[in-house]
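> Below, each chain spelled out in residue letters.
Protein chains: 2
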Amino acid sequence: MRIQTVTVAGGGTLGSQIAYQTAYAGKHVTIYDINDEALTAAKNRLQRLDASYQGDMHATQADLDETHARIQVTSDPNTAFGNVDLVIEAIPEVTTIKTDFYHLISGIADARTIFASNSSTFLPSQFADQTDRPSQFANLHFANQIWKHNTAEIMGHPGTDPKVIATLTTFAHEISMVPIVVQKEQPGYVLNSLLTPFLENAAYLWGEDIATPQTVDKTWMIDGGAPMGPFATIDLVGLRTFFNITQERQGDNPAFKKTLAKVQQMIDDGNLGLESGHGFYTYPDPAYQQTDFLA
Amino acid sequence: MRIQTVTVAGGGTLGSQIAYQTAYAGKHVTIYDINDEALTAAKNRLQRLDASYQGDMHATQADLDETHARIQVTSDPNTAFGNVDLVIEAIPEVTTIKTDFYHLISGIADARTIFASNSSTFLPSQFADQTDRPSQFANLHFANQIWKHNTAEIMGHPGTDPKVIATLTTFAHEISMVPIVVQKEQPGYVLNSLLTPFLENAAYLWGEDIATPQTVDKTWMIDGGAPMGPFATIDLVGLRTFFNITQERQGDNPAFKKTLAKVQQMIDDGNLGLESGHGFYTYPDPAYQQTDFLA
Chain A
5 MRIQTVTVAG
15 GGTLGSQIAY
25 QTAYAGKHVT
35 IYDINDEALT
45 AAKNRLQRLD
55 ASYQGDMHAT
65 QADLDETHAR
75 IQVTSDPNTA
85 FGNVDLVIEA
95 IPEVTTIKTD
105 FYHLISGIAD
115 ARTIFASNSS
125 TFLPSQFADQ
135 TDRPSQFANL
145 HFANQIWKHN
155 TAEIMGHPGT
165 DPKVIATLTT
175 FAHEISMVPI
185 VVQKEQPGYV
195 LNSLLTPFLE
205 NAAYLWGEDI
215 ATPQTVDKTW
225 MIDGGAPMGP
235 FATIDLVGLR
245 TFFNITQERQ
255 GDNPAFKKTL
265 AKVQQMIDDG
275 NLGLESGHGF
285 YTYPDPAYQQ
295 TDFLA
Chain B
5 MRIQTVTVAG
15 GGTLGSQIAY
25 QTAYAGKHVT
35 IYDINDEALT
45 AAKNRLQRLD
55 ASYQGDMHAT
65 QADLDETHAR
75 IQVTSDPNTA
85 FGNVDLVIEA
95 IPEVTTIKTD
105 FYHLISGIAD
115 ARTIFASNSS
125 TFLPSQFADQ
135 TDRPSQFANL
145 HFANQIWKHN
155 TAEIMGHPGT
165 DPKVIATLTT
175 FAHEISMVPI
185 VVQKEQPGYV
195 LNSLLTPFLE
205 NAAYLWGEDI
215 ATPQTVDKTW
225 MIDGGAPMGP
235 FATIDLVGLR
245 TFFNITQERQ
255 GDNPAFKKTL
265 AKVQQMIDDG
275 NLGLESGHGF
285 YTYPDPAYQQ
295 TDFLA
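Heads up: the protein sequence lines correspond to chains A and B, in order.
The opening position of the first sequence corresponds to residue 5 in the working numbering, with each subsequent residue numbered one higher.
The opening position of the second sequence corresponds to residue 5 in the working numbering, with each subsequent residue numbered one higher.
Worth flagging that the hints you see were computed from the coordinates, not collected in a lab.
Hints may contain errors.
Note that the list lumps identical chains together, so a pair holds whenever it fits in one copy or between two copies.
Said to hold, decoys possible - When the alpha-carbon atoms are kept at most 25 Å apart in a straight line, the in silico SDA-like pairs for lysine to any residue are as follows:
1. K266 / E189
2. K167 / V182
3. K262 / L127
4. K188 / D256
5. K188 / Y292
6. K167 / L298
7. K102 / F297
8. K167 / T99
9. K261 / P201
10. K152 / G229
11. K152 / T295
12. K262 / F297
13. K47 / V98
14. K31 / P183
15. K188 / L264
16. K261 / N275
17. K102 / P231
18. K261 / E189
19. K266 / Q190
20. K262 / D273
21. K167 / L278
Take the sequences, apply the hints, and build the full model.
What follows is the structure, given as structure tokens:
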């Protein structure tokens, strides 16, 4: 099967980016969300993405118009899920919400439909048996700013049909993603398996007063040739998200006590990273993007 | 004190790069090594560095000639250490060799001379008391390809005089390094504190058949904007060095058993990385440097 029609369930930050990118690549897309308010918010997100595609992808006005023309929105489950090749689930990371959702669409979807979850935190085996088609279920995970960070991590559970993985891999290529096939279930897929401990280790160097954030970032940028260091990345991720993940992983580890307290203090002071304009750097025009930063 | 004269002890790969960079920046440099054979090898290394400085740093023939004219070599300890502002020790990472060396130079060096160790693995507190001047002793650590990876990690022990740290910081700037001041003793300084677990985590994903090396590298390059991924970096570090470090850190960890066995197999097969022309990639022109790698 070749995927031509896609329903994205959930029109939040990632959901609207997935819908936009998929339609931009020529597929017909439906965004499903629970009510008109959520759908209006989704439509506003789609409008705001135009500027990014114009700036970063050199999209013409015709490209944008065609993209929007290929996207419809609905809060009617039968319209959304009754006759579609692929459902990409991008709803809240709450077990009961996802369970209810998979029960709902299992009663509606055509036998051919593949179900894929964009979940960052759940493994596909945790929901496969909540669907009526475990062999047609896998995770398909996108990164924020999908048009630039164009990886699609594809991860099945032990019961996923290899043909479904192949279909999702082809689909990823067709929507200009680089498919990242994760061959076994792995929390964090590839990217977060590397990034999460990397950011933690960097934060520890600052938390224990071993080196300043700027010193750490300079080191990584010079010796690794990277465009930004780990503290700039934490600003991008957001201090609150970084705190929650690190608390979950290292909350019981005494070695991280000082580090977590310092991150908490920054959050209490309103230094949330890029989103608040202040974090380890001040935005816009953070120091690490200045030409003299590595001098 | 401002550093004008420097003796680099040990004319190996790093020692000769440190000497060359220091002389290139205008300082007067002596390379000390144990016998004429070692000194001849050092001189050959210095000659071979010319091409890198011409290619990467746009050095003129006059720049190269002046650099070589500022470097002398000797195996006589009195000539090397009797009257110099700074000694940079870049000798083998063997406790007894370093201990003997610090005993030797303590009996020769002028009272003003600062001793600095380029050691990757030892902390300055491990040798400070083997010198006659613990307060004038710190680590000063350079990366391979010093002219491009121009960090100088500066790390004192608790007894190092802050003025010595300041002098070394100024010296680092003067020889076109970015000083990376490590404020407390930290094994691995900044760079290896981040890089070592990062490479380990990447190797684990391959060792456990979760993702291929090329998949992992693509992910890091796309989502982090880096010019190379962790497996390309392991090739550069060398599989043997990577194995030794990982064995030391994770040899007792059952989670790394398969990974270590797979690295060992690659070494047994002669796939040592860049140095042997084969590792996770084939050299020259490895796949990750091709334009279609991220397509």
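> All the hints need checking, so say for each whether the structure fits it.
The hints, checked one at a time:
Taking identical chains as interchangeable, the C-alpha atoms of K266 and E189 lie at most 25 Å apart only when they sit on different chains, with a minimum of 20 Å there against 33 Å within one chain. For a Cα distance limit of 25 Å, the shortest separation of K167 from V182 inside one copy, 18 Å, qualifies, whereas the shortest one across copies, 52 Å, does not. Taking the shortest alpha-carbon separations for K262 and L127, only the inter-copy value of 23 Å comes in at or below 25 Å, while the best intra-copy value is 31 Å. With identical chains, the CA atoms of K188 and D256 are at most 25 Å apart between copies only, with a shortest distance of 24 Å across copies and 28 Å within one.
For a Cα distance limit of 25 Å, the shortest separation of K188 from Y292 across copies, 24 Å, qualifies, whereas the shortest one inside one copy, 37 Å, does not. In this homomeric assembly, K167 and L298 come within 25 Å of each other (Cα to Cα) only across copies, at 24 Å, whereas the closest approach inside a single copy is 48 Å. In this homomeric assembly, K102 and F297 never come within 25 Å of each other (Cα to Cα): the closest approach is 45 Å inside a single copy and 36 Å across copies. For the homomeric pair K167 and T99, neither the shortest alpha-carbon distance inside one copy (27 Å) nor that between copies (57 Å) is at most 25 Å.
When the C-alpha separation of K261 and P201 is checked against a cutoff of 25 Å, the pair qualifies both within a copy, at 16 Å, and between copies, at 20 Å. Taking CA atoms no more than 25 Å apart as the test, K152 paired with G229 passes in both settings, with 19 Å inside one copy and 10 Å between copies. When the C-alpha separation of K152 and T295 is checked against a cutoff of 25 Å, the pair qualifies both within a copy, at 23 Å, and between copies, at 16 Å. In this assembly of identical chains, the alpha carbons of K262 and F297 never lie at most 25 Å apart, being 28 Å within a copy and 41 Å across copies at closest.
Taking CA atoms no more than 25 Å apart as the test, K47 paired with V98 passes inside one copy only; the shortest distance there is 24 Å, against 65 Å between copies. Only within a single protomer do K31 and P183 lie at most 25 Å apart by alpha-carbon distance; the minimum there is 17 Å, versus 52 Å between protomers. For a Cα distance limit of 25 Å, the shortest separation of K188 from L264 across copies, 19 Å, qualifies, whereas the shortest one inside one copy, 31 Å, does not. With identical chains, the CA atoms of K261 and N275 are at most 25 Å apart within one copy only, with a shortest distance of 19 Å there and 42 Å across copies.
Proximity of K102 and P231 under a CA criterion of 25 Å is satisfied in neither setting, with 37 Å inside one chain copy and 38 Å between copies. For a Cα distance limit of 25 Å, the shortest separation of K261 from E189 across copies, 19 Å, qualifies, whereas the shortest one inside one copy, 30 Å, does not. For the homomeric pair K266 and Q190, the shortest alpha-carbon distance between copies (19 Å) is at most 25 Å, but the shortest distance inside one copy (30 Å) is not. In this assembly of identical chains, the alpha carbons of K262 and D273 lie at most 25 Å apart only when taken from the same copy (17 Å versus 45 Å across copies).
With identical chains, the CA atoms of K167 and L278 are never at most 25 Å apart, being 41 Å at best within one copy and 37 Å at best between copies.
Of the numbered hints stated above, those contradicted by the structure are hints 7, 8, 12, 17, 21, listed in ascending order.
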